[in-house]
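Participant: The hints should help you fit chain B onto chain A, whose structure is shown.
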Amino acid sequence: MSEPASLPDPAGAFRALERRLLARRLAALDSRTRALALLLGLCVGGLTFWKVRVPLDGAVRLRGAASGAAWLSAVLAAFAALGGAIAAWRRATQRIKPPGPEWLALPIPPARVARHLLSEARWPAALVFVPALGAIFAAIGLLPPLWLALLAAAFAVLWLEATRAGAAWAWRAGLPHGAAEAKLPALTRALLTPAQAATARTLRAPAWRREPAWRAIARLDLAMSLRRSPARPRLAAALLLLAASALAWLAPAPPAVRRALAFAAFAPACAALGAWAIARTCSDPPAAIRSLPLSWRPLWRARATALLVVLGAVVLLQAALAAALSPGVPIAPVLLWLPAGFALAVLGLQYGLALAPRAVLAENLYFAWLGAGLLSSWLIPFFGWGVLLAALVHSTMRLPRWWQPEVE
Amino acid sequence: MSLRIEDLHRAYGERAALAGVSLAVEPGEIVGLLGANGAGKSTLLRTAAGLQPPDRGRVRVAGHDVWDEPLPARAALGYAAEEPEFHAALSPAETLAFVAAVRGLEPGAARERARELAARFDLAARMDDPVRGLSHGMRKKLSFLAAVLHRPPVLLCDEALEGFDAPSALAAKDELRSLARTGAAVLFSSHVTETVERLCDRVVILHRGRVARTLARADWGAPAELHSSLEREFLAVLGART
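Protein sequence lines correspond, in order, to chains A and B.
One point on numbering: in our numbering, the residue at position 310 of the first sequence is 310, and numbering is uninterrupted.
One point on numbering: in our numbering, the residue at position 141 of the second sequence is 141, and numbering is uninterrupted.
It cannot be assumed that every hint is accurate.
One side of the interface only, derived from the structure: several residues of chain A facing chain B at Cβ under 10 Å [said to hold, decoys possible]: (1) Glu211; (2) Met224; (3) Arg258; (4) Ala260; (5) His394; (6) Thr396; (7) Gln404.
Don't read these hints as lab results, they were simulated from the structure.
For glycine and all other residues, C-beta sits at the position ideal for the given N, C-alpha and C.
For reference, chain A alone in the conformation it holds in the complex (with noise of 0.2 Å):
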């Protein structure tokens, strides 16, 4: 069989690919999830545009209109960033299972891949659009219009570099680094799967017990979050954070500044473990855990003692801290912390039960949720709670349908 004189552009096909993918994951959503990313996605984008609104009036009224379009420059650009900062994290959790066939096994050049898996990471980041269109509709008849399209387009611009530079970070961060994989090219270092440059190691003979099944899961759990699985940089994140957060106690700073410090690290930690949740939750094989006499009672019960023992553990550990080195600081707000940190966990961990095996879906669901939640808090103090009280509601009502999978 003779070669072809030249390959095909794969460009058309990438396009019908991303086409089709993007159709899917339409598809995927059922009319009330829907329903739901709608009303959220105008919560934001109206809370935002009430939260800009109001400062960037004040500003064109007292310093004129550039300074309001520098104070929107800076909020565009905070966005950009944060779109940068989804990318990246996207983009990391590709490297466990990068999507789409044996890539390097097709005649197609490894830049067009990567352009294909950075467009893969970079649709969840999208959603930052949504607050930044709040943003610059709030400033429509304060600023020129010339100037507000001018703006529009600086912050398209600056979305696609700055999601750009986030997916090149982290793709960069996890190239293989063994002997064989140094002499390669970096892009084809990166569409080399995990699987390949693995390392065989025998593991020490486990313990046959006999013992609920909720302490059965919750020891596989603690297996997998110590070896290479999507749970472990999740879990490595989450203790990361609350390490910085007790540390925060001991910062040469008054008592009330270390107390926002510490939950400035502590409620990050706290997503971070919902997220190790939803990693835990969606990376069950469906085969080998539905066929066996299990619902989801034993699988929430695992992971939730999970994050409350953990959670416990340092928020006590916290309030020892504070009551030995801030004693103005009184200590009944700091053990409040426990079940609002607890809630924002458990949160993460009943949309992984309920969307299992769809750990994007899911993630992205529970990301979307803290977004808003964020978001209303900084406009209305602690009204973020009363979303996140409405994200469990939601998320405890769909935790029946972990009994109507649909194997992948």
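Facilitator: The following block gives chain B in isolation, referenced to the frame of chain A:
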């Protein structure tokens, strides 16, 4: 203890994968499921195992409805998947220990059973290696071991022997026969007609999501020997038991 499938329907969009399948597997019986690619074999077995819901119809495992009483049904069930999936970071021994704990098996007996099965299926040397380092054939063996560890009263095998080397295929057939002798109902799908011909007591042929034909062993004049002469020659070269 038996498997009863009644009027099972399942569609993927417009395409009907199962269009009113009914069959029963009695205790002590091995029923083969034959069909072309896309005939609905895997859909039937996955639905019977409770991995995906039917659009209509019922599946009873040992008298329990798979969807109304899922826990007792799954307790009585073993399922060997066509494309096995495991926690890649665990070892086969850890995987089986987890399955044994969740199924509430007596730890000492379960460990012994796992050790004996691993030896028979030539997996003993890899029992403490991570699953991600195992070949496809070894994963298929592990899936089979996890399915039969608790000597299930009802066993579903979805092309379970495809990918097995000859000695392991022999061990698997022996295990299936042994389970059937103790009263298990086995539903066994395969593309390999020769395996079905030699192993099964009855055959159900699926075609376009329907039962096209049911044959008893006498209908096809099944060979008396469980293993073909080529299989025996191959096993003799490997020094395995024939």
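Participant: Any of the earlier hints contradicted here, and which numbers?
Facilitator: 3, 4, 5, 6
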